[in-house]
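Dock chain B against the given chain A, drawing on the hints supplied.
There are 2 protein chains.
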Amino acid sequence: MKTVLIKEDILSRNNERAKDVRDFLKKKNVCYVNLMSSPGAGKTTLLTKLIPALQKEFRIGVIEADIDSDKDALTIERATGVRTIQMHTGGACHITCQMSEEALEALGTDGLDAVFLENIGNLVCPAEFDTGADLNLVLLSVPEGDDKPLKYPLMFEVASAVAVTKLDVAPVFDFDREKAMNNIRKRNKNADVFFTCAATGEGVEELAEYLKNKIAKKIRVL
Amino acid sequence: MKTVLIKEDILSRNNERAKDVRDFLKKKNVCYVNLMSSPGAGKTTLLTKLIPALQKEFRIGVIEADIDSDKDALTIERATGVRTIQMHTGGACHITCQMSEEALEALGTDGLDAVFLENIGNLVCPAEFDTGADLNLVLLSVPEGDDKPLKYPLMFEVASAVAVTKLDVAPVFDFDREKAMNNIRKRNKNADVFFTCAATGEGVEELAEYLKNKIAKKIRVL
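Chains as they are written, first to last, in numbering that gives the first Met the number 0: chain A, 0 to 221; chain B, 0 to 221.
The following block holds chain A by itself, in its conformation from the complex (with noise of 0.2 Å):
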């Protein structure tokens, strides 16, 4: 019970921050994309294919956050050559709205229209903290099965928008579209579901439209 109430309060004050998070960058005029999935179900290698297409338009920033290494910030920084910042969270499973706002401001805001977030992966945890972002794009790799909407529920409940990653893999894994599909609806009636894969580019145009899109509409209400 106790550990419950604790739970709670953490959680509240977090919400309570991410309300200021949103109101800084609103005066910035930043949208902030918070990216979740799995470990390994290719949240970086999305992002590179992300960004050139995002760059042609807007001034693109990446915090990366890890437990450990720093390999996926230079990933980042080496195929694309946006601002990058790679955070290491000692441990925690997740990102706090306090570890959000230390890691924008360490990045600074200051030029750019849009940073990303590329979240522990976790299909669990992180779901829980609002890290103040614009917008959660939560991706389900093809390895991890057309089932994981239904276990992890959560996480694709708080998704804004849906990326299956991995799709040229489908048929090795005996993945079902309509069966992902439908297991993600039965968590989220309303999030924007796109089906990509990287290595082909499959989708993956889609995807960045709708991103310019949200991007730009956040850009020009300000």
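Just so you know, these hints were derived from the structure itself, not from any lab. Among the hints, a few may not be true.
Straight-line C-alpha distance at most 27 Å; calculated BS3-like pairs for lysine-lysine [to be verified]:
(1) Lys178/A - Lys27/A
(2) Lys211/A - Lys18/A
(3) Lys70/B - Lys188/A
(4) Lys27/A - Lys48/A
(5) Lys217/A - Lys26/A
(6) Lys185/B - Lys70/A
(7) Lys216/A - Lys18/A
(8) Lys211/A - Lys27/A
(9) Lys188/B - Lys70/A
(10) Lys70/A - Lys48/A
(11) Lys55/A - Lys27/A
(12) Lys70/A - Lys178/B
(13) Lys48/B - Lys178/A
(14) Lys25/B - Lys213/B
(15) Lys48/B - Lys48/A
(16) Lys55/A - Lys185/A
(17) Lys70/B - Lys185/A
(18) Lys185/A - Lys213/A
(19) Lys216/A - Lys27/A
(20) Lys55/B - Lys213/B
(21) Lys70/B - Lys178/A
(22) Lys178/A - Lys18/A
Short derived list, chain B residues pointing at chain A, Cβ under 7 Å [as the list claims (entries may be wrong)]:
(23) Pro152
(24) Thr199
(25) Lys217
Please read all numbers here as calculations on a predicted model, not as lab measurements. All residues carry an ideal CB built from backbone N, CA and C; glycine is no exception.
Okay, now just chain B, sitting in the frame of chain A:
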């Protein structure tokens, strides 16, 4: 600071309870194996291949832990016929020792030689909570990438054994066996490492032999 202290308190209470679970299982003469991995790394599928090999010599039980859905317990039951229960964590990202204890009670350990706990698919949090198991079998699936031990240190540090899974798709995913081995060794000098594929059967017999020895050792000692 406060949060860290709470966490330490929770973990130390959990560790105390783990001793009780070990004492109980020692009396009951049951070997307890904790399977951990990312979502969709193949824990259930590997179990359906291992259990028939183990069943020839030992009486096996399975605890399936999920946030939601009872798909995995049904799969195990149908494929192997062994005593199985589905545990739902109500959103929790890991199995505490208390949950582990309650699940063992619900399953019933009488007449069993070994119990497998399939933990929540999560490469972070389950590693922090001792379940009272005799050994931690950690799975790393090829599609996740050979770099995961670098990014998720604790999981590989607490592993008694690591099973690399889905080895048949290694060429498709540019998965380097040697790199994976080096990265595992950076986190853990002693873990036994198995390269497996449930689809082709590669490495499954070796892993089954390893588990047979561990179960026999636990049972014979008592």
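Which numbered hints does this structure break?
As far as the earlier hints go, 1, 15, 16, 22, 24 and 25 are violated by this structure, in ascending order.
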